[in-house]
Structure formats: C-alpha cells, structure tokens
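Q: Here is how the chains run, residue by residue.
Number of protein chains: 2
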Amino acid sequence: MNLKELSQNLGLSQTTVSRALNGYPEVSPATRKRVEEAAKRHNYRPSNRAKGLATGKALTIGHVIPVSSKHEMVNPIFGDFIAGAGETYARSGYEMILTIVDDAKEADVYEGLKARRAVDGVVVHGPRLNDPRIPLLHELELPFVVHGRSSGCTLPYSWLDVNNRQSFESATSYLCDLGHRRIGLVNGLEDMDFAQRRRDGYLTALKAHEIAPDPALMRSNEMTEVHGFNSAREMLASDTPPTAFICASMICALGVRRAIEDVGLTMGRDVSVVTHDDALSYLQNGDETPIFTAVRSSVRE
Amino acid sequence: MNLKELSQNLGLSQTTVSRALNGYPEVSPATRKRVEEAAKRHNYRPSNRAKGLATGKALTIGHVIPVSSKHEMVNPIFGDFIAGAGETYARSGYEMILTIVDDAKEADVYEGLKARRAVDGVVVHGPRLNDPRIPLLHELELPFVVHGRSSGCTLPYSWLDVNNRQSFESATSYLCDLGHRRIGLVNGLEDMDFAQRRRDGYLTALKAHEIAPDPALMRSNEMTEVHGFNSAREMLASDTPPTAFICASMICALGVRRAIEDVGLTMGRDVSVVTHDDALSYLQNGDETPIFTAVRSSVRE
DNA sequence: GAAACTCGCCAAAGCGCTTTGGATATCGGC
DNA sequence: GCCGATATCCAAAGCGCTTTGGCGAGTTTC
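Taken in order, these protein sequences are the chains called A and B.
Numbering follows the numbering used here, in which position 96 of the first sequence is assigned residue number 96; successive positions increment by one, without gaps.
With positions in the second sequence counted from 1, the corresponding number in the numbering used here is that position plus 301.
If you're looking for bench data, these hints aren't it; they were derived computationally from the structure.
Among the clues, some could well be false.
[To be verified] Covered stretches of chain B (chain A as the covering partner; in silico rule of three or more C-beta atoms under 8 angstroms from a C-beta of chain A):
hint: 1; stretch: 345–359
hint: 2; stretch: 552–560
hint: 3; stretch: 585–599
[Stated by the list, open to error] If you anchor each label on the Cβ, the simulated ranges turn out as follows:
hint: 4; chain 1: B; residue 1: R483; chain 2: A; residue 2: G93; range: 48 to 56 angstroms
hint: 5; chain 1: A; residue 1: K40; chain 2: B; residue 2: G357; range: 21 to 29 angstroms
hint: 6; chain 1: B; residue 1: H439; chain 2: A; residue 2: G93; range: 24 to 32 angstroms
hint: 7; chain 1: B; residue 1: R483; chain 2: A; residue 2: E111; range: 53 to 61 angstroms
hint: 8; chain 1: A; residue 1: G268; chain 2: B; residue 2: L479; range: 28 to 36 angstroms
hint: 9; chain 1: A; residue 1: R296; chain 2: B; residue 2: H439; range: 40 to 48 angstroms
hint: 10; chain 1: A; residue 1: K4; chain 2: B; residue 2: K334; range: 34 to 42 angstroms
Just so you know, even glycine gets a beta-carbon here, dropped at the ideal spot from N, CA and C.
Just need the whole structure built from these sequences, with the hints factored in.
A: Structure follows, in structure tokens:
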C-alpha cells in the first residue's frame, strides 16, 4: 500500500493525504480523520526511502564503531549504548545504521555515508586524543555528536560524556583515605581519551595525598579480562605489590580479582579493588551485595 | 555530486554513466574507463536511497534485537555477531539497520520494516521454542535468516547455528568420564532454543552414563555473572553439592567461579567447570593458559 | 551492395514521496 | 449583491537513480 493507492482509495489527491498524515493545517479535521483511519486500516507507512529522497533528510543516524585492527575487539559497552540510542530512535521514527570498521578505514566510511547521503548525522564512538575524525567530519560537513571527548582537539564539537576525571579522582582519594599508598591502575588503552582522563584523575588524587606515582603500578591496554589478570598478576609479583587496584571496567576487575585469588590472596581483605561500572545489563555488579566497590554510570541511560 | 552533474560533466547521458558504473555491456570500454575515472575523481557515490527507489531493492539488511521486557538485557554476543555481519555487508555494499526492541513489540517492528520497504530481509536473533516470528515473517513475505533454530516450528526457514546439543553432550560426557556424578548445569533461559538444546545434550550424556538427572542441579536464567554466582552458590550449599559445573557462557562461568571461591573451594581442584565459550573479543578464555575448560565457537566468525 | 545485425548511446518514464503554485468554494462585511 | 479573505483541495514538478524503447552508424552476411 503506497500513497498513490491510498489516495485513490480515498478519492483524494496525494497532496491532501500526505498533508493529512503529516499534520499540515490545510486539511479539514473531518478529512484528516478519514485519512488517518484509512491509513491505519491499510497499515500504510510511508517509504522512508521515498520520503528521504523528497525531503533531503535521511531520517537515519549512523553509528560507526571502530575496531582496532590490532586487537579486533568490540568494546562491550557498544551493545548497551546502541540499545539506549535505539529506544530513542524508535520513538522518533528514525532509523539507525551501523557500520563496524577497521579504524584505519574509518575516514572512508564517513565519506561514503556523506556522499551517499545515507545519514543525517553520525555518532562518533571511542574518541582518541586529538581524534582525526573531528576535523574530518567538520570538513565533510556531516553533523555529529561524540560519545566521549577528544582532548587536544581545537575545533568545536558536541559531546556526551561522563566525568571520568572526577570519578577516578574520587575513587583514588577514597582508597588513599583508607590508608592505601600503593594503588595499581588497570586502565584502558591510553590513546583513548577516557583512559587519559581517568589516569589524570588518579594522578591528581595521588598528588593531593602526596604519593609519588609509580609507573610500575600503571598499566593500560584493551579492557579485557585477560588484561586485568595479567596486569594485576605482574604487579602483585613485585617486591612492593599494590594493596589496592583501580580498574577501568568490570571486565578488567574480574581479571584482577582472578589474579588476586590466583596468588592466594583474598579480594576485599588482602587487596582492595575499586572499579568503574558501566552498568552493563549482563554484567551487574552483584545482586544485593556488590562484588566490587565501584563508581558507576549507566551507558545505556 | 550526483548522476546528473557527473553525466553533464562528461557530456554523456545519465543512462550511459549509470550503465558504465554498474557494469552493463552497452558501453564501450573507453567510455567506461572515462566514466569510472571521473566518478572516482569527483568522489561520486550513488545515493542508496534513490537507487533503492528505482530498483525496489533496499540494499539493506535489518537486525532486530529483542530485549526481554522483564530483564532488559542485551545479550553480549550481539556485539560480536554484528561485527562479523558488518564486515560482510561492507564488502557487498549493503547497509545494516539495527532495531532494538522490547520483545512484546517485535511484531510491529517487522511489519514496519516491511511496510516501509526499509530492508530486503532480516536476521532473526535469539529464537525461542516455536518462535512466533517465523510464521509472522512468512506471512509478511519478508525474507529472513535465523541465527539459531526454533524447535517445534513446522514451517521451513533458513538458519545458521552451532551444534549446541552435541557440544553439551561432549562436555558432559567428558566430565562423566572423569568420574563426576553430580554435575550442575547453569543454563540460559529455557524458552530460548539454544538453552533447550544444550540441556538435551546434557541429559543425553547423563543418560548414557546411567546418571539420573537431578532437577536441583539444573538452573536456567539470563546468562549473567550474577546468575552464575547465585546458581552455583545455591547448589554448593546443598547436602549433596555438585563436583562439576557446565555453564552456558563465559560470563556465567565467571560467576560460578566466584561462587566456588566464595565458599572456600578452589576451581579446578575441588570443583570442575566447563563452559561454552563464544570467543568474545573482550572476554577471552585466558591467554596461553585457559581459565576454563571449554567448548568453543566464535560468534563473530 | 542491400538486408540484417550489432554497437554505443540517448530521451524519457517511473520508483513513492513532498511541496509549490494554483483553483474552487465558502463566508463575512459593507 | 459584490469583493476580498479564508478554507480545502488538487495537478504537477522534483528528489537521484534505473531501465525501457529507440536511433543512428558501422559491420556482417550472402
């Protein structure tokens, strides 16, 4: 059922039917009602494609997810982020198109989205320090919002982020106040902007407590369970092991926990762990009793 | 840059340019070359939208991810699945549109995709027993492929699946052969088809080893860490606790491990754990030394 | 050397919408 | 009873492509 059929069916012009359905005023209330009922009855829904052609709008937002060519890892928070975004799109009649791409070919993807007029705008995921995508998108004049921020970028841009610095500063201070002097940081890859900010927060808190940062206590890598395990394992093997850890994600923290127990210690008694909790649906921080002390922010919300 | 401009630019008709670019034979090699070079030079890419309107094809595949209204959980394997699918779409010039929807409203989404002619076909995720989406999609005449299967469904359909039954039968047999008589099953929700098959495999192996299944040793729920923890915790608290566990996912297994250690036992010495490993990039089964004994299949591949 | 093809190209219609620029009818107001 | 608003509606153009139906010019065929 398309506009033409529907309008013939009603004995009206396409113009009138289109206007009735889109809330324009040049239609009598009675006609509008008749049109709306017929549309519902015939399960008519305008073709997004034709609508887009006619209006120049795509009614579509692009999400391009970079995958590091080195690690091939898809950050698990994307699932939750996408779920949250999708709810909003569904309510607003927008479509979401997803592209997963090796980060080396990302520029090409943005150019393609623009040239094909496939989207009205994009969401930039996983911003790095001074991320080249921001100038690129400016140049392409493709509207965008960054999930996170990009330190060092001089161009203006819209972003949505949590306060990573403050969050890690609080967490670190909390541990310092408890008397910890050697605190291991199990961070994400440091070219990721969020990781940089988290480290800054960590360092700020150490400084405030007059603790000299020790490079041996700061590890960064893709936030996998294995990274958490390996990092903690190595730090714990040192002559002066940390008495506490701060982790960039629950997944890392699980690895840290495994390392702690692997060397015969008990988490929470011998070694403290604080983690950042993205509130992922499948990886809740315990039930009534949390597994980890955590700073939390729901990616999905 | 659109077709019209490009063809004027070349002093050719739109017809010829279109044909040159799409590999039709009615174009001389010299002209084709000239067109292709101009297209590249001007970074011309046909609008998917217009192309779709003209051809009736959408050049787009829909993925609709059901989210249980009760649990609001996004299965973490979707991220990896989507990444794998996206690679193929990118190579073939297809677009992927993603819809995340409360499973109660799923029918509406499929109808919408069909009525709006937004996609050429869809991938059905998370099939349940006798899944109503299969008859629905048949009725809508919307082509689809199911990731997994739907037992009890009498209609024909295309699917892609791993051998869940065989996999869990092998894993269970392996444990039985090691002498285990009480094996806990930490399964996914049992209205999910894969969970049913996994349980079947588990039961088949028990039967082959003349072990009577004990309902107290079979738990099923959303595959979260907490589910693994709670299930194992309760089973271990029994008078006749299991000596081994079989888990439906790495995430569950991590919870099971936590429960085991929580009661003062050691995994691998006091209690054995075998898990299904979806080979998620961020949740590898250890480095050189695996964390868990596992049956594995890469979702992404 | 004429009939019959084949090649290489083009004009125009059409895909399903929106939107511009009227057209017609109705209605006060004086 | 006429004029200018106002309220409703419509025909047609246009969005950027593909595809149908043709049309000359060159090539075979016999």
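Q: Against each hint, give a clear statement of whether it holds in the structure.
A: Each hint, compared with the structure:
1. 345–359: holds (count 10)
2. 552–560: n = 4 at 8 angstroms, threshold three: holds.
3. 585–599: holds (count 4)
4. B:R483 - A:G93: 48 to 56 angstroms: holds, 54 angstroms
5. A:K40 - B:G357: 21 to 29 angstroms: Holds, since K40 (chain A) and G357 (chain B) (Cβ atoms, about 25 angstroms apart) stay within the stated range.
6. B:H439 - A:G93: 24 to 32 angstroms: holds, 27 angstroms
7. B:R483 - A:E111: 53 to 61 angstroms: Taking Cβ atoms as reference, R483 (chain B) and E111 (chain A) lie about 60 angstroms apart, which means the hint holds.
8. A:G268 - B:L479: 28 to 36 angstroms: For G268 (chain A) and L479 (chain B) the Cβ distance comes to about 33 angstroms; the hint holds.
9. A:R296 - B:H439: 40 to 48 angstroms: holds, 44 angstroms
10. A:K4 - B:K334: 34 to 42 angstroms: holds, 41 angstroms
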